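Protein chains: 2
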Amino acid sequence: MEAREVTDTSRVRNKAFLSKIMSAEQAAELVPNGAIVGFSGFVGSGCPLLVPPKLAERAKRLHAAGQDFKISILSGASTDPNVDGVLAEAEAVAFRTPFFTDKNLRAAVNSGKTGYMDVHLSSLAGQVEAGFFGKMDCAIIEVTGITEEGKLIPSTSIGNNPLWLKLADKIILEVNTIQPPELEGIHDVALLGIAPNRKPIGINRVSDRIGSPYMDVDPNKVVAVVLTESGDRVNKFNPPDPVSTAIGDHVVAFLKQEEAAGRLPKGRLLPLQSGIGNVANAVLAGLARAGYRGLECYTEVIQDGLLYLIRDGVVDMASTATISLSPDAVAEFRRDVAFYSKHIILRPQEFSNNPEVIRRIGVIGMNGMLEADIYGNVNSTHIMGTGMMNGIGGSGDFARNGYISIFLTGSTAKNGAISSIVPFAAHIDHTEHDTMVVVTEYGFADLRGKCPRDRARAMIAIAHPDYRPMLQDYFDRACAQPKPGQTPHILSEALSWHDRYVKTGTMKP
Amino acid sequence: MEAREVTDTSRVRNKAFLSKIMSAEQAAELVPNGAIVGFSGFVGSGCPLLVPPKLAERAKRLHAAGQDFKISILSGASTDPNVDGVLAEAEAVAFRTPFFTDKNLRAAVNSGKTGYMDVHLSSLAGQVEAGFFGKMDCAIIEVTGITEEGKLIPSTSIGNNPLWLKLADKIILEVNTIQPPELEGIHDVALLGIAPNRKPIGINRVSDRIGSPYMDVDPNKVVAVVLTESGDRVNKFNPPDPVSTAIGDHVVAFLKQEEAAGRLPKGRLLPLQSGIGNVANAVLAGLARAGYRGLECYTEVIQDGLLYLIRDGVVDMASTATISLSPDAVAEFRRDVAFYSKHIILRPQEFSNNPEVIRRIGVIGMNGMLEADIYGNVNSTHIMGTGMMNGIGGSGDFARNGYISIFLTGSTAKNGAISSIVPFAAHIDHTEHDTMVVVTEYGFADLRGKCPRDRARAMIAIAHPDYRPMLQDYFDRACAQPKPGQTPHILSEALSWHDRYVKTGTMKP
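As you go down the protein sequences, you meet chains P and G in turn. Going left to right, the first sequence walks through residues 1 to 509 as full-length UniProt numbering numbers them. Going left to right, the second sequence walks through residues 1 to 509 as full-length UniProt numbering numbers them.
By construction, these hints were calculated from the structure, which means they are not laboratory data. Predicted, not measured: the structure shown is a model, and the values here were computed from it. Hints should not be assumed to be uniformly reliable.
Treat identical chains as interchangeable: a pair holds within one or across any two.
[Unchecked claim] In the DSS-like style, the derived pairs of lysine-lysine whose C-alpha atoms are separated by at most 25 Å in a straight line are:
| # | residue 1 | residue 2 |
| --- | --- | --- |
| 1 | 503 | 221 |
| 2 | 221 | 166 |
| 3 | 170 | 20 |
| 4 | 135 | 483 |
| 5 | 508 | 483 |
| 6 | 342 | 151 |
| 7 | 508 | 70 |
| 8 | 503 | 54 |
| 9 | 103 | 113 |
| 10 | 483 | 414 |
| 11 | 199 | 15 |
| 12 | 166 | 266 |
| 13 | 266 | 135 |
Could you put the whole structure together from the sequences, leaning on the hints where they help?
In structure tokens form, the structure reads like this:
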């Protein structure tokens with residue numbers, strides 16, 4: 001459903017905000033050129049969808065008139081085509097952080113027109129509050145209502161909104177009437193703050209709440225309230241393909257092995273984090289098939305698959321940064337919001353991805369990747385080492401701090417022209433120190449407690465059979481050099497697979 | 001002073017341990033072939049120095065007789081030539097983790113004879129307790145005494161000793177009578193445990209204590225007590241050279257800039273961590289010259305420089321993993337142990353390097369490195385991408401979690417044949433996401449809030465003038481490619497500087 005302006009003011013329960021109601025077009029006029037703007041939005045959920053397109057229209061008009069208009073976008077995570085997409089298309093994005101998925105913005109970033117900085121999702125708020133990104137001028141935040149007391153009811157994600165509301169000089173609120181009013185109470189809002197004023201975070205179990213269901217805002221800073229009706233734009237959920245299913249089965253086999261060895265609590269595991277998309281869904285489906293019940297998740301996103309596991313009792317409690325559901329799953333969620341509200345906590349990303357909490361409760365982190373090298377260094381972001389895909393998101397938060405850190409990928413991409421296991425990762429987002437287990441459809445490589453040579457043997461064994469002999473040959477020749485070292489490499493060949501792909505369209509010789 | 005066996009039993013205050021006193025040679029017989037052995041020792045301090053040489057002699061005898069004898073060494077951090085050195089020379093080290101500096105061991109590691117795994121110093125204990133390294137058979141731990149109650153008084157480092165004592169089946173204690181008895185009480189011993197039983201860590205300020213001055217041990221597991229007299233082997237302290245002094249001055253200039261901008265508390269900064277060696281000492285000296293008083297350190301090592309800053313009031317409180325002093329500084333420490341004990345806390349490395357605490361109290365992390373690339377990816381460990389130097393140590397703990405993360409290096413090595421700023425780091429220990437500031441003798445590159453292209457410009461500006469045009473040329477040509485991407489690189493040239501050095505002895509063409 002396309003977003004549209006509405007006139008229903010029933011969600012604005014504090015009357016002082018009624019006088020600030022205006023159109024999206026009027027609100028878009030309030031954002032100055034050069035502004036640093038904090039947006040709501042995390043995995044496409046909870047984004048303001050009306051003001052950004054008007055801002056993009058305004059930018060185009062100004063550009064046509066020979067005037068500058070660009071802003072910096074600081075978000076939660078990825079937003080929506082109606083945020084990143086329209087603004088990138090209007091050439092109105094000077095700078096972007098911390099994560100995106102939009103293809104227009106990707107083109108702007110990879111051409112160098114838009115400066116993009118890739119930041120751990122847990123870390124951005126603290127760095128912004130410390131002043132490392134400059135003064136935040138505006139915040140454009142979707143909420144689902146304003147209480148009688150003037151508190152804000154968050155939407156399907158909280159992201160960095162509590163901090164954006166604190167720091168921004170001017171605040172534009174989009175009050176979205178389409179989200180179920182029963183979302184009120186599901187959120188656990190708090191601010192982490194920065195040193196020297198930080199305190200221990202009181203989350204000792206997935207279900208612990210430390211904050212309030214509402215976000216605070218200084219009403220004097222609110223310059224506009226826009227009334228909208230806009231569903232989150234979430235793609236339909238695809239059933240797992242054979243590769244994803246095999247990966248999911250290998251993950252389950254690994255977890256069963258750990259249980260059997262006494263290295264994980266039997267039948268309950270530890271809190272799970274799983275990334276986004278087909279592979280993550282296949283892993284969750286594998287856990288359900290394996291008969292697990294009463295699991296916990298401390299994760300970033302609840303997609304359809306996880307929602308159904310909650311319904312079925314496979315997952316008892318899920319802490320998340322966002323709820324990102326397809327229309328069918330939204331219907332299911334609405335069917336029994338009261339039930340789901342007891343099993344779901346929505347947190348700001350400072351907390352959903354917090355290293356202190358992830359370490360304490362012992363999260364099993366499972367993330368996708370683009371490629372890993374034979375020693376377990378992982379590239380999550382850069383296609384052929386140069387082209388930005390989406391950013392690291394929260395993968396580093398979980399990989400570094402997880403009790404067990406698992407990376408998942410199909411063994412090839414582009415119909416076999418790209419091997420996901422390479423001699424040397426062309427960009428490194430997660431180092432060998434933070435990679436414990438790598439899983440492809442050919443099995444899992446357990447890198448824990450292993451030196452690089454033993455890691456290489458384990459990694460080569462899960463590569464695609466077409467590439468295994470090539471990897472083995474590289475590794476053997478690297479080891480046979482006069483001074484092989486701790487991590488044997490042939491420097492003149494280390495990046496040759498990527499170079500070959502760029503020049504010939506395949507990593508195969 | 002060479003370590004030697006003594007007969008003075010006055011430090012063994014619990015009489016039950018007296019019956020376990022034996023010679024180092026006898027104790028060395030108790031370690032089985034293939035054992036996983038936990039050693040004490042951190043930056044050469046607090047190592048057992050008598051049993052390991054006897055173990056090495058035994059290994060040589062067995063090898064000469066055609067028998068196998070190898071062990072795995074799990075330590076705190078680097079030990080002493082009488083630990084890693086003698087055992088590596090005897091070809092008795094099958095596996096080593098997490099950090100070392102010994103040249104014999106380095107040769108064994110880089111030839112592939114000894115498997116070495118490079119692990120964050122904060123993380124090893126948890127991974128071992130979780131069972132990722134197998135069952136610990138023995139622990140060989142230096143202590144400075146055994147109390148009436150049978151508790152152990154730690155030595156000049158605690159390392160991972162509390163956990164090794166908990167996990168090992170057999171324990172050999174070296175009771176070192178040369179360390180001042182006044183060390184008793186300076187330690188803050190605790191165990192972090194693993195999920196799901198972890199709790200928040202109650203360290204909210206550098207001076208907070210959460211544990212006991214003593215380590216627990218099950219007396220039934222103690223199979224040997226060896227009485228020794230052995231000073232820590234610490235090299236003389238060198239005055240800073242011009243390059244180190246310039247780096248220190250640039251660090252101070254950066255910190256002053258941050259104070260002036262309101263991004264650091266005025267005159268007090270935040271707790272400092274600084275690495276080991278000349279550059280770290282030069283930074284501390286620069287802070288003293290700049291007139292700072294009452295600073296705090298949350299760091300891994302107290303070397304001579306930091307001890308004198310405590311004496312002079314520049315540093316008021318220092319939490320550390322080890323005290324590693326030259327003979328002159330040991331004399332100064334003993335001159336007024338009562339004073340120093342009020343200003344120093346010695347912690348296990350699970351706590352001295354703990355990410356939760358580092359984030360909470362906002363540590364300013366300052367670490368050396370081998371090289372960084374123009375985008376701020378840092379290589380701390382691998383010479384020319386293959387040869388292991390020492391390991392990452394705690395650099396990752398502080399770089400990822402610090403309020404500000406600073407890397408320090410002279411702009412060149414090997415008389416200018418190696419540039420410390422390169423197109424593409426030949427090994428990556430700290431990714432672009434964790435590098436905020438890089439300092440050479442030519443200035444500081446502030447990478448915070450910057451996209452890769454802007455980071456490259458800042459990094460090239462602090463490279464050695466001989467290499468600046470080469471870096472600029474690489475960067476310009478990379479950006480001029482048809483598809484430059486987020487992080488422009490020329491894949492066929494990215495590692496060519498390292499390859500050239502290996503082949504010609506210089507990175508210069």
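Hints and how they fare:
1. 503 / 221: neither (54 Å within a copy, 63 Å between copies)
2. 221 / 166: Within. Shortest intra-copy distance 10 Å satisfies the 25 Å Cα cut-off; inter-copy 56 Å does not.
3. 170 / 20: within (12 Å within a copy, 73 Å between copies)
4. 135 / 483: Classified as neither: same-chain Cα gap 51 Å, cross-chain 33 Å, threshold 25 Å.
5. 508 / 483: Cα proximity of residue 508 and residue 483: across copies only (22 Å, versus 28 Å in one copy).
6. 342 / 151: within (22 Å within a copy, 47 Å between copies)
7. 508 / 70: For residue 508 and residue 70, the Cα distance exceeds 25 Å both inside one copy (43 Å) and across copies (42 Å).
8. 503 / 54: neither (42 Å within a copy, 59 Å between copies)
9. 103 / 113: Cα proximity of residue 103 and residue 113: one copy only (14 Å, versus 49 Å across).
10. 483 / 414: Answer is between: at 19 Å across copies they meet the 25 Å cutoff, but 36 Å inside does not.
11. 199 / 15: neither (36 Å within a copy, 44 Å between copies)
12. 166 / 266: Between. Shortest inter-copy distance 23 Å satisfies the 25 Å Cα cut-off; intra-copy 44 Å does not.
13. 266 / 135: Cα proximity of residue 266 and residue 135: across copies only (20 Å, versus 49 Å in one copy).
Comparing the model with each earlier hint shows violations of hints 1, 4, 7, 8, 11; every other hint is respected.
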